[in-house]
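Chains as they are written, first to last, in this note's numbering: chain A, 29 to 238; chain B, 29 to 238; chain C, 29 to 238; chain D, 29 to 238.
A few of these clues could be false.
What the hints assert, rightly or not - Lysine-lysine pairs mimicking BS3-like chemistry, simulated, CA-CA at most 30 Å apart:
no.: 1; chain 1: A; residue 1: Lys-30; chain 2: B; residue 2: Lys-93
no.: 2; chain 1: B; residue 1: Lys-30; chain 2: B; residue 2: Lys-93
no.: 3; chain 1: B; residue 1: Lys-93; chain 2: B; residue 2: Lys-163
no.: 4; chain 1: D; residue 1: Lys-30; chain 2: B; residue 2: Lys-30
no.: 5; chain 1: C; residue 1: Lys-163; chain 2: D; residue 2: Lys-93
no.: 6; chain 1: A; residue 1: Lys-163; chain 2: A; residue 2: Lys-93
no.: 7; chain 1: B; residue 1: Lys-163; chain 2: A; residue 2: Lys-163
Unchecked claim - Label pairs and their in silico Cβ distance ranges:
no.: 8; chain 1: A; residue 1: Ile-119; chain 2: C; residue 2: Ala-206; range: 49 to 57 Å
no.: 9; chain 1: A; residue 1: Thr-135; chain 2: C; residue 2: Ser-205; range: 26 to 34 Å
no.: 10; chain 1: B; residue 1: Pro-118; chain 2: C; residue 2: Gly-54; range: 30 to 38 Å
no.: 11; chain 1: A; residue 1: Leu-100; chain 2: C; residue 2: Ser-205; range: 51 to 59 Å
no.: 12; chain 1: B; residue 1: Thr-135; chain 2: A; residue 2: Gly-54; range: 17 to 25 Å
no.: 13; chain 1: C; residue 1: Ile-119; chain 2: A; residue 2: Ile-119; range: 51 to 59 Å
no.: 14; chain 1: A; residue 1: Ile-119; chain 2: D; residue 2: Ala-55; range: 28 to 36 Å
no.: 15; chain 1: C; residue 1: Ala-162; chain 2: B; residue 2: Thr-132; range: 54 to 62 Å
no.: 16; chain 1: B; residue 1: Gly-92; chain 2: D; residue 2: Gly-95; range: 22 to 30 Å
no.: 17; chain 1: D; residue 1: Lys-30; chain 2: B; residue 2: Gly-92; range: 45 to 53 Å
Read the hints as simulated data drawn from the structure, not as lab findings. Keep in mind it's a predicted model, so treat the numbers as computed, not measured. We treat Cβ as the ideally placed atom computed from N, Cα and C, and that holds for glycine.
Protein chains: 4
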Amino acid sequence: MKNYVTEFVGTFLFVFSIALAVAHAGALAPLVIGAALMCMVYMGGHISGGHYNPAVTLAVYLRGKLGLPTALGYAGSQFAGATLAAALAPIVTHQAFLVAPGTTDLTSALLVETLFTFALVLVVLDVATDDAVAKNSFYGLAIGFTIVVAAFAGGSVSGGAFNPAVGLGAAAAALDSAALGHAWLYLVGPLSGALLATLVYHLQHPSEAV
Amino acid sequence: MKNYVTEFVGTFLFVFSIALAVAHAGALAPLVIGAALMCMVYMGGHISGGHYNPAVTLAVYLRGKLGLPTALGYAGSQFAGATLAAALAPIVTHQAFLVAPGTTDLTSALLVETLFTFALVLVVLDVATDDAVAKNSFYGLAIGFTIVVAAFAGGSVSGGAFNPAVGLGAAAAALDSAALGHAWLYLVGPLSGALLATLVYHLQHPSEAV
Amino acid sequence: MKNYVTEFVGTFLFVFSIALAVAHAGALAPLVIGAALMCMVYMGGHISGGHYNPAVTLAVYLRGKLGLPTALGYAGSQFAGATLAAALAPIVTHQAFLVAPGTTDLTSALLVETLFTFALVLVVLDVATDDAVAKNSFYGLAIGFTIVVAAFAGGSVSGGAFNPAVGLGAAAAALDSAALGHAWLYLVGPLSGALLATLVYHLQHPSEAV
Amino acid sequence: MKNYVTEFVGTFLFVFSIALAVAHAGALAPLVIGAALMCMVYMGGHISGGHYNPAVTLAVYLRGKLGLPTALGYAGSQFAGATLAAALAPIVTHQAFLVAPGTTDLTSALLVETLFTFALVLVVLDVATDDAVAKNSFYGLAIGFTIVVAAFAGGSVSGGAFNPAVGLGAAAAALDSAALGHAWLYLVGPLSGALLATLVYHLQHPSEAV
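The shape of chain A in the complex, shown without the other chains:
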């Protein structure tokens, strides 16, 4: 229960910060978004793992650190938190919160979602699940700033979700059919990136049992 509360609250505050940053922080929004993830990872990492992202939960499940029912509970909590935040934010911003690619070149958008989610999940696996760096203090900084980098470098191309809960939660809250039409991008890209990261993690840790 405490894990689901943490994933729900952390994802809610993360996505609420994204929506307000997009509306109010101008060119600095990517910094705000990644910093919000960093703070939430430090808030809840020692409780639930601080995923706030079904792509991260998928990779942690594949590493054998979470059972399937728990992983599904995590994903449900994340989608619920993201959808509530996306529904609540327009009260403050007076604009719908939508995540959408900034280009019609969907190959570019998919490449960006895939490669930066790959980076994010690989960073999570290496800094937060590898016993060689247990008890480090940098895990939130590394995870959050991977999203700072991803959002500055690729956000204008793909919309910058790197997270199915962010991409779909926004669409669900807006009941926006055009936004729902991008759902595949924010599922296929991040989940492919998570699979690739899991593969590379195993190449980096050959002696570790699967």
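Starting from the structure of chain A, add chains B, C and D where the hints point.
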């Protein structure tokens, strides 16, 4: 005594930095404000806890980590430091330091003050009072950057106090009746956020005695 | 093998982030570039050392921490990762990724490449190879933000490689003869800086055997 | 010897970064300057203490952690490093590196230099000399970002030295009589701030022998 000195000096330097950042740092002021809190938390966290905010002190008191007379002494030191800083800053900036909502939509302003103080206090409780992460080095980074996020995402809506000492200290120093008219916003929002954070912290730590 | 995978993947993601940051992050690109290095150092530092830079590998080799065949394998992995990233990035950015000095004053450009690579390698040696700070959590922050500083302060002068794999990988991917004409700058500057850093490190640690 | 080498090299790279950041980093120069200090503190903190500032050295001397001849050797190394950097930087920037107040209101300038050096030195004493936080990983972050805050908040008022070696090194390198005319500001302000910080540190640590 050393705790009150630390809370007074830390809040003074934090609020003095806010006032000068607002006057001189342009669109980057939220980064400066959160960084100032981070530095002050690292300066005094191991002495007084580094609250610098009556909403944080309220939550730590409700967690049973401070007695009521000490908590009141903390709040008094914080208000004194904030008021002195707000009175001194105009010597340098040649402008009054006022904290005020940037909108007439006070529902939005109250939502922003409440939800981001909720985030701030939840981060403080989880990174600085939970034995599971004792002796970590990230507490100041997580706390300070929650204010970076809050100020970028919501500062233009609510005025960005997230702290009764900041909101009321500025008003007190300016003896400004319009500013004093916003006092309720910077009391009700942050204190509600602190109560909500205390509740969520207990849901996250069900085995911990209250 | 796991070390070469880590150096290849880390350099690939670092250079891919550089190319997209240059195209999309405007004046904030140096922050994104240094943050990308920070994240990759935290991702792979405990596996391969997280060099992603032949100048760093040279210095670590000279400190006796890597054998020559391994050092050459590191450099090969780094050049391969950088070249692949530089070749792939234009699919997203629709522009060639080239690293070139921003001035015809090549003395300035060489001074910038040399002195900031000196700073970078000295930071790496002191924060990541000195037993006095073993198990610290700041090594990625210090290394990444040295590149934030270098790229903001000197990037517009020298092109801001501070890394032969970055400078030459971009040129190789573009098969651009003008870019290849700058190859000497990104070899001589960074390698000279690495030698100078190795010398200063020995002055700082006189009791340490070479 | 290793301490003087570290203070000389660290101050050189810090001031060289300042000079290039002022010339090339625009409104983000304060971030670059503070980040440069952070990186240099992490580079040399475990060797010499990473002062790079005679005001810091004065306070550490007053705390009894350094003898007088050593403290003077530190200050000499710092002035030498700063002067060399200020002399070398114009080769790259094609402009003199001068530190000067941005206002004719010298009360404001002195207040800014004094109060932010007070903040800096108090942070140094509390994060880097207090046994209660021995072996922490945040000391460079806290120290460097205090200068980020100070330079954004007060740099446009006082010139933003907070360090006699920065203020006087620039003047010495330029042999600029107007700049030398500000020398008192960068001596009186930072040294007063250091004395105030030493006093507050003793109030915070009443049981500690002087």
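Task: Hint check against the structure, violated hint numbers in rising order - done: 4, 13, 16
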